[in-house]
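A.B. asks: Residue numbers (the numbering used here), protein chains in the order written: chain A, 160 to 299; chain B, 160 to 299.
Certain hints may be false.
The list cannot tell twin chains apart, which means a pair is met if one copy fits it or any two copies do.
When the alpha-carbon atoms are kept at most 30 Å apart in a straight line, the in silico DSSO-like pairs for lysine-lysine are as follows [what the hints assert, rightly or not]: (1) 209 <-> 250; (2) 269 <-> 209; (3) 253 <-> 209; (4) 283 <-> 250; (5) 279 <-> 269; (6) 283 <-> 209.
Simulated from the structure, these hints should not be mistaken for laboratory data.
Keep in mind it's a predicted model, so treat the numbers as computed, not measured.
Number of protein chains: 2
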Amino acid sequence: MLYYRKMPAKDNYHDTVVHALVRSGWTITDEQVTLVLPERRLWIDIEAEKASESMIILVEVKGFENPSQVEYFASAIGKYFIYIVALEWLKEEKPLYLAVPVDAYEGILKETLGQGVIQKIDLKLLVFDPLTEEVVQWIG
Amino acid sequence: MLYYRKMPAKDNYHDTVVHALVRSGWTITDEQVTLVLPERRLWIDIEAEKASESMIILVEVKGFENPSQVEYFASAIGKYFIYIVALEWLKEEKPLYLAVPVDAYEGILKETLGQGVIQKIDLKLLVFDPLTEEVVQWIG
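With the rest of the complex left out, here is chain A (with noise of 0.2 Å):
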């Protein structure tokens, strides 16, 4: 039972992403965000809410410091599903979001696969700029 000691570790670009969401208007309102499912627990980095626009979202932070793009690249989707399919099974509406570096958005994602798999997961992404530490583009 002790899920604690399960509880990952930050990604690198977690405060990166951070702050990029502060620096376009959101307030962060929770990271490590816990769903609770029957036989295990998953955590996902950060919600974000923009009170103006009345939304609120779930964000995970994936680096894409693996040099083995498509390995890494398939980790990060299969999480992302994984989460999705929690967040319908707790009836949690809030969207998720991958937030990911520019250089892999103009990498592995803009590939075919990418594309596809963009396409058939309706896969929501956050590009940012880990230089600038700002939001460079919204998708999905």
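Using the hints provided, position chain B relative to the given structure of chain A.
C.D. replies: Quick look at chain B alone, frame taken from chain A:
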């Protein structure tokens, strides 16, 4: 362009699944099946044929040795999903099965999360027994 350097190592259970398929009357027609996309190549572990039923299938082997099961599960289904997208892009109609040991099937795949993912992604499974090297169950 040195694509061959990226060809993945065989999963620990690769030979086990080959044996299980052969015992069930399948003929292995290819291993490390190459999918050529515009920007990159992917490899699927096994292609097998059952002439008596005019069936050809593709099989990706995942051993689920990793103790952090959610991470491993995410990576396995992400990979499966990427292959499905690639196969559709290539207009390849052979069904793709994820081969998993019976312990994994009785574990995370039987949970709320696993069942939700199986339904949502239409995940096809070949459940094998690593000890007897036999196919236990086909799902999907």
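A.B. asks: Could you run down the list of hints and mark each one as holding or not?
C.D. replies: Tested hints:
1. 209 <-> 250: Within one copy only: 21 Å inside, 43 Å across.
2. 269 <-> 209: Within. Shortest intra-copy distance 28 Å satisfies the 30 Å Cα cut-off; inter-copy 38 Å does not.
3. 253 <-> 209: within (12 Å within a copy, 46 Å between copies)
4. 283 <-> 250: both (18 Å within a copy, 26 Å between copies)
5. 279 <-> 269: both (14 Å within a copy, 25 Å between copies)
6. 283 <-> 209: within (17 Å within a copy, 40 Å between copies)
Of the numbered hints given earlier, the model fails none.
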